[in-house]
Amino acid sequence: MRRQEILQNIQIENNMDLVKARQTVRTIAKDLNYNIVNQTKLITAVSELTRNVLVYAGKGEIIVELIETDIKKGLRITVTDEGPGIHDVDLAITDGFSTGKGLGKGLGGTKRLMDDFSIQTEVGKGTEVVIIKWMDSNKL
Amino acid sequence: MSQKIPIVKINENLIVSFLSDIDDTSALELQSELLQRIHEGKITGVLIDLTVLDMVDSFLGRSISNIARSSAIMDAKTVVVGIQPAVAITLVELGLELEGAFFALNVEDGIELLNELKKLKYDFGGINEETRNSSEYPD
Numbered sequence: 116m117r118r119q120e121i122l123q124n125i126q127i128e129n130n131m132d133l134v135k136a137r138q139t140v141r142t143i144a145k146d147l148n149y150n151i152v153n154q155t156k157l158i159t160a161v162s163e164l165t166r167n168v169l170v171y172a173g174k175g176e177i178i179v180e181l182i183e184t185d186i187k188k189g190l191r192i193t194v195t196d197e198g199p200g201i202h203d204v205d206l207a208i209t210d211g212f213s214t215g216k217g218l219g220k221g222l223g224g225t226k227r228l229m230d231d232f233s234i235q236t237e238v239g240k241g242t243e244v245v246i247i248k249w250m251d252s253n254k255l
Numbered sequence: 193m194s195q196k197i198p199i200v201k202i203n204e205n206l207i208v209s210f211l212s213d214i215d216d217t218s219a220l221e222l223q224s225e226l227l228q229r230i231h232e233g234k235i236t237g238v239l240i241d242l243t244v245l246d247m248v249d250s251f252l253g254r255s256i257s258n259i260a261r262s263s264a265i266m267d268a269k270t271v272v273v274g275i276q277p278a279v280a281i282t283l284v285e286l287g288l289e290l291e292g293a294f295f296a297l298n299v300e301d302g303i304e305l306l307n308e309l310k311k312l313k314y315d316f317g318g319i320n321e322e323t324r325n326s327s328e329y330p331d
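Those protein sequence lines, which keep their order, are chains C and G.
Note that this note's numbering has the first sequence beginning at 116, numbered continuously upward.
Note that this note's numbering has the second sequence beginning at 193, numbered continuously upward.
A few of these clues could be false.
Stated by the list, open to error - Just a sample of chain G residues kept apart from chain C, beta carbon distances all over 10 Å, derived:
| no. | residue |
| --- | --- |
| 1 | V208 |
| 2 | S209 |
| 3 | D213 |
| 4 | E225 |
| 5 | E232 |
| 6 | G233 |
| 7 | D241 |
| 8 | S250 |
| 9 | R261 |
| 10 | S262 |
| 11 | I265 |
| 12 | G274 |
| 13 | E308 |
| 14 | K310 |
Unchecked claim - With a straight-line Cα cutoff of 20 Å, these simulated DMTMM-like cross-link-like pairs (lysine to aspartate or glutamate) come out:
| no. | chain 1 | residue 1 | chain 2 | residue 2 |
| --- | --- | --- | --- | --- |
| 15 | C | K145 | G | D213 |
| 16 | C | K226 | G | E289 |
| 17 | C | K135 | G | D246 |
In short, the hints are calculated from the structure, not lab data.
Virtual Cβ for every residue (Gly too), placed ideally from N, Cα, C.
Generate the whole structure from the sequences, applying the supplied hints.
In structure tokens, the structure reads:
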């Protein structure tokens, strides 16, 4: 990584922070000239992950970073909480699986929308999801 | 501090325009208010306008689908209009097809579709009977 810079730090505590998280990421993606489809995918992914934090952990944090390698530039978004963690990660990212009030499309769907998706979780300790969307991403 | 989404009644249709920064609570409130209005009577259609919405995540998608499906069992059809191209792509990739709703490009086409759906119902006493007799569905 040639460069990484924290652009924004968002605390997640209630429903209105979900709206705020979407607005913040939308503004950043727009400023960086992401095309409209990738802007939409980023906002949607952040919305899914933020809601997971609210539903399962109650509160958490989002860090939005600008990252740059020798050949590409993009946004890395890290969403962390100190909630109950996920027992079976493979199952959690399978479509149709949900222990909450969602459709079970959240995590698997988020993974499909991004160029990179990683999740670290420990039962009883919390969860950290890191997503990356490159600026010239042609992934459909 | 959730924002209330206004519901407009035109003839026998209810029309709602989602706000761009809709929060979860408002979406849930909208659902129960729409059903209450349908329950009060004389409503045959619901039109949901998503023109200003720049994202539909799994929660919102489920809310819209729930409105459409619960309206249907209260005898009102739901038409969703104004979906932006980027939102359509994202919805399909998420695997959300807004089950239970009909679709039209804009509000004008949506109202026309609702009127057609209503006419079908009154002319034939139901869409099912008609499709069953149609040659497109041979035994």
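Evaluated hints:
1. Listed as outside the interface, G/V208 is consistent with that label: its C-beta sits roughly 18 Å from the nearest C-beta of chain C, beyond the 10 Å cut-off.
2. No Cβ of chain C comes within 10 Å of the Cβ of G/S209; the nearest lies about 17 Å off, and the non-interface call holds.
3. With a minimum CB-CB distance of about 5 Å to chain C, G/D213 fails to clear the 10 Å threshold, and the non-interface call is violated.
4. Every beta carbon of chain C lies more than 10 Å from that of G/E225, the smallest distance being close to 18 Å; the non-interface claim holds.
5. No beta-carbon of chain C comes within 10 Å of the beta-carbon of G/E232; the shortest separation is about 28 Å.
6. Against the 10 Å criterion, G/G233 stays outside the reach of chain C, whose nearest CB is about 31 Å from its own CB.
7. Listed as a non-interface residue, G/D241 keeps its Cβ farther than 10 Å from every Cβ of chain C; the least gap is roughly 18 Å.
8. With 10 Å as the threshold on Cβ separation, the claim that G/S250 sits away from chain C is violated: the shortest Cβ distance comes to roughly 5 Å.
9. At roughly 13 Å from the closest C-beta of chain C, the C-beta of G/R261 stays outside 10 Å, upholding its exclusion from the interface.
10. Every Cβ of chain C is farther than 10 Å from the Cβ of G/S262; the closest lies at roughly 16 Å, confirming the non-interface assignment.
11. For G/I265, the condition that its CB be more than 10 Å from all CB atoms of chain C holds, with the nearest at approximately 19 Å.
12. Non-interface status of G/G274 relative to chain C is upheld: no Cβ of that chain comes within 10 Å, the nearest being about 15 Å off.
13. The beta carbon of G/E308 sits about 30 Å from the closest Cβ of chain C, which is more than 10 Å, so the claim that it is off the interface holds.
14. Remark: the non-interface label on G/K310 is consistent with the geometry, its nearest Cβ contact in chain C lying 30 Å away (cut-off 10 Å).
15. Taking the CA atoms of C/K145 and G/D213, the gap is near 16 Å; set against the 20 Å cutoff, the hint holds.
16. Using a Cα cut-off of 20 Å, the hinted pair C/K226 and G/E289 holds, with the two alpha carbons roughly 18 Å apart.
17. Distance check on the hinted pair: C/K135 and G/D246 sit about 14 Å apart at the alpha-carbon level, within 20 Å; holds.
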